[in-house]
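Enquirer: Note that the protein sequences, when read in sequence, are chains A and B. If you read the first sequence in our numbering, its first letter stands for residue 145, the second for the next number, and so on. If you read the second sequence in our numbering, its first letter stands for residue 11, the second for the next number, and so on.
Keep in mind that the hints are not guaranteed to be accurate.
[As the list claims (entries may be wrong)] Residues on chain A that point at chain B, a partial pick, calculated with CB under 8 Å: (1) A358; (2) E412; (3) D416; (4) E419; (5) L423; (6) K640; (7) L642; (8) C677.
[Stated by the list, open to error] In silico DSS-like cross-links for lysine-lysine, where the CA-CA straight-line distance does not exceed 27 Å: (9) B/K518 to B/K573; (10) B/K610 to B/K529; (11) B/K593 to A/K637; (12) A/K640 to B/K382; (13) A/K640 to B/K529; (14) A/K637 to B/K562.
Read the hints as simulated data drawn from the structure, not as lab findings. Bear in mind the structure is a predicted one, so any value in this text is a computation, not a measurement. Note that the Cβ used here is the ideal one computed from N, Cα and C, for glycine as well.
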Amino acid sequence: MRNSKPPLAVICTALCQARSVLSSIPYSYCQSRCARTLKIRSHVARGTTFRYTHLHRAPASLSTLHQPMEAKIFRWWAGRILRLCTRRSSGAAAPGSGATIFALSSGQGRCGIAVIRTSGPSSGHALRILTAARDLPPARHASLRLLSDPRSGEPLDRALVLWFPGPRSFTGEDCVEFHVHGGPAVVSGVLQALGSVPGLRPAEAGEFTRRAFANGKLNLTEVEGLADLIHAETEAQRRQALRQLDGELGHLCRGWAETLTKALAHVEAYIDFGEDDNLEEGVLEQADIEVRALEVALGAHLRDARRGQRLRSGAHVVVTGPPNAGKSSLVNLLSRKPVSIVSPEPGTTRDVLETPVDLAGFPVLLSDTAGLREGVGPVEQEGVRRARESCNFLATVVASVGAQSPSDSSQRLLLVLNKSDLLSPEGPGPRPDLPPHLLLSCLTGEGLDGLLEALRKELAAVCGDPSTGSPLLTRARHQHHLQGCLDALSHYKPSKDLALAAEALRVARGHLTRLTGGGGTEEILDIIFRDFCVGK
Amino acid sequence: MFYLRGCGRWVAASFTKQQFPLVRLSSDSAAPRTPHFDVIVIGGGHAGTEAATAAARCGSRTLLLTHRVDTIGQMSCNPSFGGIGKGHLMREVDALDGLCSRICDQSGVHYKVLNRRKGPAVWGLRAQIDRKLYKQNMQKEILNTPLLTVQEGAVEDLILTEPEPEHTGKCRVSGVVLVDGSTVYAESVILTTGTFLRGMIVIGLEMHPAGRLGDQPSIGLAQTLEKLGFVVGRLKTGTPPRIAKDSINFSILNKQTPDNPSVPFSFTNETVWIKPEDQLPCYLTYTNPRVDEIVLNNLHLNSHVKETTRGPRYCPSIESKVLRFPNRLHQVWLEPEGMDSDLIYPQGLSMTLPTELQEKMITCIRGLEKAKVIQPGYGVQYDYLDPRQITPSLETHLVQRLFFAGQINGTTGYEEAAAQGVIAGINASLRVSRKPPFVVSRTEGYIGVLIDDLTTLGTSEPYRMFTSRVEFRLSLRPDNADIRLTLRGYKDAGCVSQQRYERACWMKSSLEEGISVLKSIEFSSSKWKNLIPEVSISTSRSLPVRALDVLKYEEVDMDSLAKAVPEPLKKYTKCRELAERLKIEATYESVLFHQLQEIKGVQQDEALQLPKDIDYLTIRDVSLSHEVREKLHFSRPQTIGAASRIPGVTPAAIINLLRFVKTTQQRQAAMNESPKTDQCLRNADRLQERQFLLSPATLPRRTSLTDTFLTLKPTLSPGRASLKASWCISTDFTSVVTLTGAKVTTIPGLRTPVSTRPTGTVPIPKNIYSILNTYEGR
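Starting from the given sequences, assemble the full structure and let the hints guide the process.
Expert: Right under this line is the structure:
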């Protein structure tokens, strides 16, 4: 154990895998140039200095930890992980074949470093492709590499990569870790690049753990409670995936899946019943037309999606309310820059002003709107109309007293009462019949902490827990499966071997149903028996 | 024709001769009064005959019990075997040395491969069968099978005894009681009662109990099964009327001729018994609006259609076709019932109308204007047992050594029954010889898909095989069933003859060699174009093209390839079957590579066995929702793979199960290391949640006993402590478990479990209290 010094990055991963509250600390170390030679001891000693730099975005529990306690826990973790790393591989079955999976292993949000992990036989291949065909780095040593997109050759990021040949890796298979800079553009770029390597696919919920399990790498009885963690994780990921599918894309996907299922059912019916029973004429031709149309639609969507991919990531927060309530001041305060012009005059803001900000670790698009009032000039009326329109976004901050919900109740509302500095300390508070609200003074900054905390809660509800599902990853998943579906459809040639053609449709449907759920054989049979009179 | 008749008589003669051993058995005074067999098969239908012969092939002394010996091998419904998906099943039955394929090759009157143009993965071998010949050939085969005894008799009850402790199940079957009160003992019993469990025949508004027209149903047996706690459901099926052949005007109908040459069902047959030109044709006609009218006007006279007993989603009867797809013409195939039969079977006209209306309806149909109905169509309603109550080896969860096969499990079709019969026969025999069960996985065959679907999902309609049910359709083809199953059947089950095994081995090695040779031959695309001008290969590719890739083209076969490259390909064209199979392998080569990856994934999941004796409803070490628990409890999946296919079992539940499996495996590994303590461990298991006192590892240094005692759950998560221990004692002072290598550590704020490995029990010394006091004193 003494002579096999594990690289620090292993600890980082294991920590982030366990979702330790300390996950932010090792990431900062990966950035440091001496990461490769750092020893655990010095890490613990220096951990404290980095603690403060990350405090502003670390979970609340971290800030409450006392330094000695933290060091103690960390030392324990280091010990455990050392043992995990150096434990000989068990006599379980050889690393399973099958696809190579990849996933963003660190939390979502704007973090310094994001860790992307792959596991499976093609890991080494993927690493070589992304690092432009250089040799594999020495095993279990952090090395700095320039990652570039294999299709375009465009550089993505300068990143630390770690190569863990199986069986001495977390899952027991060949693993690669990419420690890239944490911006959404970089992360999604790398994820997409990985998705384009043949043989790689995004990991399903809990799949890394399952592989580790299957290869006898993870003894859950040793780390009690991790099962519950996985439980929470898979459930959260499932919910996350469902939520992501509620939108327009989900609607599209379900539509496509339906079309494809029907086309497949008809081809299957033609195979299973074409000779004995009388199917109507043109079953295959109809399926063919539908598949071709689907191919065109998918192709168009994918080309479009690629362009719009990096534009916006995050929830919309709209600040709205009556004029002169201090909406623009609030926006300026939240974004910490003068986005909107502020004046004591009502109706200063006439347009919808959008600015991307980082609110409590969530990427957010903050919109300032014109104050809602009737009977003003046509320009301001247009502003009011736009303001109402933008309320159709996700989260809404309602500023000032008495404002009623401007849209239907399905949206999340946060009632904020500004100018609390005007309330006299002894005098009566706001009216008692108000719905739950927050008091804020943009002038003095009083109540801002409360507002941020409330926003964090709201955003967590909207975006999901940042440490589990990530919209970036989900989007990469979407793209991967849609591309896979499209590729499979191009193999659909019903004029030749119909079993092969049906197989292409099955693969395509498999990709779509990974996104939409469902996908059993019974669905196919249901359609067959609904649409055709077959049987004897 | 002459030959045929002669053949029939010969069969009959040998049949009577073969009855002697049976007679001798019952009259032999030296034999025990109650005969004892290894395996008893109840029922002589398609599942029963396969089960009985499979068990006998595996080396078990087998008894086939049937209501009437002369109905063994009876085809009670359609006079045909095979079809799309079903042909696959027959090939697999044959690969396991089953009977039906070989008998069909001796009894068919019209052989045809369906789906010829749709790719070899979905070819459907099919044949019209001469009922009489099939029955004769089957009976000849059955009565000539070594180790197999046939006896007439209706089974009234099962004999049940204490269960074996190492298996689950509340009791064990050890024989049967016949209607006449006599008993027969056996190690395993297979039930293949088909539609006879409380069978009820329906024609119009009439209903009378019968398993098949003219045969008595089994009511006592149904009651026994229900009393045992089996979940029983009710299904319905039907059969069309039979029409006199000479009353049909065939001249105005579409004629369908058989294939030339005929493709045999069995791997062991080069050809079938009859020449294509001697085979009988089938004819096609259609229904018309007048048929619809008769059905719709007489629904009140049709209790079978009205009743709520669940029928299939597909349309089995003309009534359901008319009701669900009105204003359409439906096909009616007129199929011959045999060489010398005067009957025609109108496929597609299953009905349960009153007899006179059946005749009226049939005469509306073109070509059948003067048709005479010889036997009316009828519906059958029968009990089936929810197949989620059986394991993939077809043994029941409830009763040890009791196997179910065939229609009793909710399937329909001869082929589905035969496939289950083979598996049940093999497993009943393996169970007797205490060998591990023979389970075909979904990745290995249609049989696997059939049984996995039944045992994990159950069924609410008569289950019929379709190729669309099969995920790995391109790998599980009719042509390669021998390679998939014969080798396994020989090694794991012992149900395959040496000759068949050697043939399959030869075929496998030849195919592998052929494919590697084809891969090794590489020419430029322009050279291929010169060698085989008819191939539409694109010459723009600069990379060399393998012979295997050229073989993928539709217009290329092994013959043309061997003509172009005689050395070394010529030798592969000598065997026609080999040449054809090489072509098929080439067609699917690229896709099979991907499918193989998926198959491996599925197999990995299936390798993770769930413990058989796990009680999902009460087990505490797995965190599962109540709903999931109930589903798992009912289906009792054998592997993680099967569990993940049960609808409603969430990924989180699977992960939890996985965790459970892993810990169980570890426990078993620990048990294997110290085999002596098996019993102690099992005792420890029973003492769930019992308090244990953990002794200190370093006894002499101890000062106080109480502060270091802890609670040990002896099952999975043994508890926590902050000391090292060498033995522990239960709080009720009845047993002591010695532990070695028990590492117990703890960290403030984080929980870790103890890893304990019990190595033995010592009886509690009588002076335990004084010992404890001694410790206390120190």
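Enquirer: It remains to establish, for every hint, whether it holds in the given structure.
Expert: Status of the hints after comparison with the structure:
1. A358: 6 Å, holds
2. E412: 4 Å, holds
3. D416: This hint holds: A/D416 lies near chain B, its Cβ roughly 5 Å from the closest one there, short of 8 Å.
4. E419: This interface hint holds because 4 Å falls under the 8 Å limit.
5. L423: Since the shortest Cβ distance to chain B is 10 Å, the answer is violated.
6. K640: 7 Å, holds
7. L642: A/L642 check passes; min Cβ-Cβ to chain B is 4 Å, inside 8 Å.
8. C677: 4 Å, holds
9. B/K518 to B/K573: Given that 27 Å is the threshold and the Cα spacing comes to 24 Å, the pair holds.
10. B/K610 to B/K529: Distance of about 23 Å is within 27 Å: holds.
11. B/K593 to A/K637: 19 Å, holds
12. A/K640 to B/K382: Not satisfied, since the Cα-Cα distance of roughly 45 Å exceeds 27 Å.
13. A/K640 to B/K529: OK: A/K640 and B/K529 at ~23 Å, within 27 Å.
14. A/K637 to B/K562: 14 Å, holds
The structure fails to meet hints 5 and 12 from the earlier list, while all remaining hints are met.
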